[in-house]
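If you're matching them up, the sequences are chains A and B in order. One point on numbering: in numbering that gives the first Met the number 0, the residue at position 36 of the first sequence is 35, and numbering is uninterrupted. One point on numbering: in numbering that gives the first Met the number 0, the residue at position 336 of the second sequence is 335, and numbering is uninterrupted.
A portion of the hints provided could be inaccurate.
As the list claims (entries may be wrong) - Partial list, computed: chain A residues near chain B (C-beta under 7 Å):
#	residue
1	Lys71
2	Ile89
3	Phe99
4	Ile107
5	Asn111
As the list claims (entries may be wrong) - Taking lysine-lysine and the DSS-like style, the derived pairs with C-alpha atoms no more than 30 Å apart in a straight line are:
#	chain 1	residue 1	chain 2	residue 2
6	B	Lys61	B	Lys196
7	A	Lys71	B	Lys196
8	A	Lys85	A	Lys5
9	B	Lys362	A	Lys71
10	B	Lys61	B	Lys98
11	A	Lys148	A	Lys186
12	A	Lys5	A	Lys42
13	A	Lys133	A	Lys148
14	A	Lys42	A	Lys148
15	A	Lys34	B	Lys362
16	B	Lys196	A	Lys85
17	A	Lys148	B	Lys98
18	A	Lys71	A	Lys42
19	A	Lys34	A	Lys71
20	A	Lys186	A	Lys42
21	B	Lys7	B	Lys98
22	A	Lys218	A	Lys5
23	A	Lys85	B	Lys7
Stated by the list, open to error - Short derived list, chain A residues pointing at chain B, Cβ under 10 Å:
#	residue
24	His10
25	Glu11
26	Leu60
27	Val62
28	Arg95
29	Gly98
What the hints contain is simulated information worked out from the structure, not anything from laboratory work. The structure displayed is predicted, hence computed values, not measured ones. All residues carry an ideal CB built from backbone N, CA and C; glycine is no exception.
The residues making up each chain are set out below.
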Amino acid sequence: MANLPKTEAGHELAIHVRGVSKTFGQGEAAIHALKDVDFDARKGEMLMIVGPSGCGKTTLLSVIAGTLTFEKGEIDVFDAALQGMKQRAITEFRKRNVGFIFQQFNLIPTINLLENVSVPLLINGWTRRRAEEKAAATLAVVGLAGREKDLPTMMSGGQQQRVAIARALVHDPRLVICDEPTSALDKDTGGHIMELLREVARHPDRCVVVVTHDSRVFKYSDRMAEMEDGRVERIHESFDQYANKQGL
Amino acid sequence: MLLGDRSKYLMLVGGLTFAALLMTQQCGVFIGLLSWTTSHMRNMRASIWVVDPKVEQINEIKAMRDTDVNRVRSVSAVAYAVPLYAGILQARVADGSFKPVQIIGLDATTLVGRPPRILAGRLEDLRLPNTVMIDELAVTRLSLDPKRPLRIGDSFEINDREARVIGICRTDRHFFGYPYVYTTYEQALQFAPPTRKMLSMVLAEPAAGFTAEQAARQIEGETHLKAYTEAEFSASTLRWFFRNTGIPASFGTTILLGFIVGVAIAGQTFYSFVLENLRHLGALKAMGASNALLGRMLLLQAFTVGLIGYGLGVGLTVLFGMVVMRTGQPPFLLPYQLPLATLVVILLICSLAALLGIRKIYKLEPAVVFRG
């Protein structure tokens with residue numbers, strides 16, 4: 000059990016990453032995807048991880064979410080220390096604490112919206128009836144009340160991402176992981192989705208981490224972590240700071 | 000997931016239906032065919048069958064001396080023993096054509112070895128001269144006009160002797176496909192071309208206080224003839240057919256093909272279903288679904304299509320059985336163990352198919368969902 004320190008400004012930490020390294024492959028073919036990464040995320044914020052392709056954003060997201068193991072360093076996510084945790088415990092941690100939003104939505108096309116959104120609750124051992132009641136309420140929160148019986152294939156990209164958000168939130172996770180949530184959407188739809196995610200992040204015991212290339216949505220972030228060559232090079236305390244630095 | 004993927008679902012159900020149909024139907028025909036090899040036993044019925052020591056199966060006749068009946072009767076464990084003639088002779092029908100028939104000559108006093116079910120006439124009338132009781136197949140085979148089938152009072156010839164029909168009976172069809180013609184032992188000897196030894200076998204019953212096995216062993220010990228109980232003769236006959244004919248290998252190959260086709264179609268389709276849905280399965284795994292949960296999910300889907308395919312396959316086999324039971328060809332028998340065995344094999348096929356996918360899932364890193 001980790002007791003995360005507060006920042007100097009008194010912000011409570013949700014994620015505390017120190018000296019994390021991850022290498023794919025061996026010998027000459029080895030790729031050092033993460034090199035001694037240090038990085039924090041706060042409770043109640045939406046943090047964006049940005050940087051060029053291949054800089055290690057997705058790998059960092061994966062190790063924070065517990066979907067990928069790492070060789071070195073420490074990762075504390077809320078009250079869980081991921082280093083040294085057994086695979087079964089990590090699965091259990093993800094099940095209870097992490098919500099996922101993927102670039103391609105990853106909704107199961109052959110089951111309806113209600114069933115899709117119920118999935119995390121069913122995985123957590125809820126009964127089908129209770130899970131569907133909660134799923135219906137969560138669909139209403141993302142503006143899809145009355146569409147419960149529709150199939151994902153009947154929805155637009157924006158609507159599918161809303162369903163994915165409902166699925167990510169239905170079990171009240173403390174950490175919401177978003178991988179390129181707007182890259183498959185047009186500007187307006189992407190903006191709506193980011194506003195929704197920012198509302199999600201405004202929870203005192205939650206943190207939303209977004210990996211994105213989509214510069215159109217950078218402005219929705221609370222803070223930005225800039226990655227380069229396997230390291231977090233800079234943390235920008237606001238989009239404006241990032242924009243000034245980039246000369247945008 | 001699988002039920003929503005219509006093309007794969009139909010492919011799997013179709014493959015498993017075909018496998019279940021092929022395995023059950025071919026096994027049914029095989030069992031039916033094997034049952035034909037022992038139909039003499041059901042058409043004559045006796046506790047103990049005494050034959051020449053070289054005889055291994057019921058369809059094999061090695062004639063014995065007439066005195067052998069008395070030797071069997073002299074065994075203390077035997078309640079009674081009667082002679083029986085069994086042979087294939089040519090029946091000459093009214094238009095002059097010849098048809099092979101299976102002649103069964105029964106002891107005239109006891110009529111032991113009588114047909115299992117008499118449909119018309121009296122068996123006792125066999126004691127009248129030149130009389131026979133024929134089965135339904137003989138009625139069909141020996142009648143000149145289907146609209147005017149052979150009936151009681153009609154006659155035909157066997158070896159230039161009149162055979163007058165005094166009754167119609169129902170028998171189990173024989174492996175060789177010849178119709179049964181029952182008569183008395185003495186009459187059968189009149190029909191059959193004379194040879195030095197005419198007795199085909201002796202039918203016996205154990206005396207009170209002896210089991211059939213005990214009596215059979217005592218007959219063998221005292222007469223040096225071969226004595227089989229019903230179960231022993233049936234098993235020996237089946238063993239003989241397994242050893243000396245290509246029937247088991249031929250049916251075995253077809254049944255094996257059914258199994259292989261089932262494994263190939265189910266395995267390949269199910270595996271490609273898993274591969275195509277790896278993204279979704281990875282997402283479920285990322286969300287915290289354990290390998291065991293995903294494995295159970297795949298097994299459930301595999302068993303669901305398996306049970307549907309099994310139901311359809313066995314249903315089609317039953318339909319086939321209903322049709323062939325009307326015509327009597329090809330042989331078909333569906334003991335309850337056969338659908339049960341097919342169910343086990345189909346579930347095995349589904350388990351093998353699911354295992355391929357489960358193996359893939361166990362190796363799947365949940366982080367795969369973040370890779371485009």
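Results for each hint:
About 17 Å separates the beta-carbon of A:Lys71 from the nearest beta-carbon of chain B, more than 7 Å, and the hint is not met. With 7 Å as the threshold, the beta carbon of A:Ile89 stays out of range of chain B, its nearest partner Cβ sitting at about 9 Å, so the hint is violated. Against a cut-off of 7 Å between C-beta atoms, the interface hint on A:Phe99 holds, since the closest Cβ of chain B lies about 5 Å away. Proximity of A:Ile107 to chain B holds as hinted, the smallest CB-CB distance being about 5 Å (cut-off 7 Å).
Against a cut-off of 7 Å between C-beta atoms, the interface hint on A:Asn111 is violated, since the closest Cβ of chain B lies about 10 Å away. As the CA atoms of B:Lys61 and B:Lys196 are separated by approximately 9 Å, the hinted pair is consistent with the 30 Å bound. With a C-alpha separation of about 96 Å, the suggested pairing of A:Lys71 with B:Lys196 is violated against the 30 Å cut-off. Distance restraint check for A:Lys85 and A:Lys5: the Cα-Cα separation of roughly 27 Å lies within the 30 Å cut-off, and the hinted pair is therefore satisfied.
For the hint linking B:Lys362 to A:Lys71, the alpha-carbon distance of about 22 Å falls within 30 Å, and the restraint holds. Proximity of B:Lys61 to B:Lys98 is assessed by CA-CA distance (about 23 Å); at most 30 Å being required, the pair is judged to hold. Restraint check: the Cα-Cα separation between A:Lys148 and A:Lys186 comes to about 28 Å, which is no more than 30 Å; the hinted pair holds. Straight-line distance between C-alpha atoms of A:Lys5 and A:Lys42 comes to about 10 Å, which keeps the hinted pair within the 30 Å bound.
Among the hinted pairs, A:Lys133 with A:Lys148 is consistent with the structure: their alpha-carbon atoms are about 15 Å apart, no more than 30 Å. A C-alpha spacing of about 35 Å is found between A:Lys42 and A:Lys148, which places the hinted pair above 30 Å, so the restraint is violated. A hinted pair counts as satisfied when its Cα atoms are at most 30 Å apart, and A:Lys34 with B:Lys362 qualifies at roughly 26 Å. Proximity of B:Lys196 to A:Lys85 is assessed by CA-CA distance (about 85 Å); at most 30 Å being required, the pair is judged violated.
For the suggested pair A:Lys148 and B:Lys98, the alpha carbons sit about 71 Å apart, so the restraint of at most 30 Å is broken. Taking the CA atoms of A:Lys71 and A:Lys42, the gap is near 25 Å; set against the 30 Å cutoff, the hint holds. Taking the CA atoms of A:Lys34 and A:Lys71, the gap is near 9 Å; set against the 30 Å cutoff, the hint holds. Of the pairs offered as hints, the one joining A:Lys186 and A:Lys42 holds, with about 28 Å between alpha carbons and a cut-off of 30 Å not exceeded.
Only pairs whose Cα atoms come within 30 Å are accepted, and B:Lys7 paired with B:Lys98 is rejected, the gap being roughly 54 Å. About 25 Å separates the Cα atoms of A:Lys218 and A:Lys5, which keeps this hinted pair within 30 Å; it holds. For the given pair, A:Lys85 sits about 37 Å from B:Lys7 by alpha-carbon distance, which is inconsistent with the 30 Å threshold. A distance limit of 10 Å between C-beta atoms decides the matter here; for A:His10 the minimum to chain B is near 27 Å, and the interface restraint is violated.
Look at A:Glu11: its Cβ only gets to about 25 Å from chain B, farther than 10 Å, so that hint breaks. At about 6 Å, the closest approach between the beta carbon of A:Leu60 and any beta carbon in chain B falls short of 10 Å, and the interface hint on this residue holds. Among the interface hints, the one on A:Val62 holds; its C-beta lies about 8 Å from the nearest C-beta in chain B, closer than the 10 Å criterion. Against a cut-off of 10 Å between C-beta atoms, the interface hint on A:Arg95 holds, since the closest Cβ of chain B lies about 7 Å away.
The criterion of a C-beta within 10 Å of any C-beta in chain B is met by A:Gly98, whose closest approach is roughly 8 Å, and the hint holds.
Going through the hint list in order, the structure does not satisfy hints 1, 2, 5, 7, 14, 16, 17, 21, 23, 24 and 25.
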